[in-house]
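Using this note's numbering, you'd call the opening residue of the sequence shown number -15 and step up by one each time.
Bear in mind the hints are in silico, worked out from the structure with no lab data behind them.
In this text, all values refer to a predicted model and were calculated from it rather than measured experimentally.
Please note: incorrect hints may appear among the correct ones.
[To be verified] Listed next, with one range per pair, are the computed distances between beta-carbon atoms: (1) V(-11) with A39: 25 to 31 Å; (2) F41 with G3: 50 to 56 Å; (3) G3 with N23: 24 to 30 Å; (4) F66 with F106: 53 to 59 Å; (5) R58 with N23: 48 to 54 Å.
Every residue, glycine too, gets a C-beta built ideally from N, C-alpha and C.
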Amino acid sequence: MAAIVFDVRSAERRLKAAGASEEVAEATADLMSEAVLFNLDALVTKDYLDARLDARFSELDARMEVRFSELDIRFSELEMRFKDIDARFEGTDGRINNLRTELKGDLRLIHALLVLLLAGVFMPQFQAWFGG
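I would like the entire structure built from these sequences, with the hints used as guidance.
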């Protein structure tokens, strides 16, 4: 820490040169000296401030690093869940396509049976109308 020097005698001389009486100059210089010494402990040096800021920023960086690591883990977990959901959808899509194919076959069979049924119901009527 740099030394702080307050020259009481220099302050007295300057006050006297400015027109203050010797008593006023001496009292003012003494008061200024006491004020400087009283507040000396409250002064912060650049080195001290730099060290404190470096420590605080290091703490902040460490906390941020932990938080970002936690977020990376959470995002990885979410990504795995989405992959699982995608796999389930792919399986569901396959089952839906199989059901669609089965339904098409069933509908063709129902259609053919309906045609045969209608033919069986209306055939005697057609024979009666057209003299068969």
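The hints, checked one at a time:
no.	hint	verdict
1	V(-11) with A39: 25 to 31 Å	holds (30 Å)
2	F41 with G3: 50 to 56 Å	holds (51 Å)
3	G3 with N23: 24 to 30 Å	holds (27 Å)
4	F66 with F106: 53 to 59 Å	holds (58 Å)
5	R58 with N23: 48 to 54 Å	holds (50 Å)
Checked against the numbered hints listed earlier, the structure breaks none of them; every hint is satisfied.
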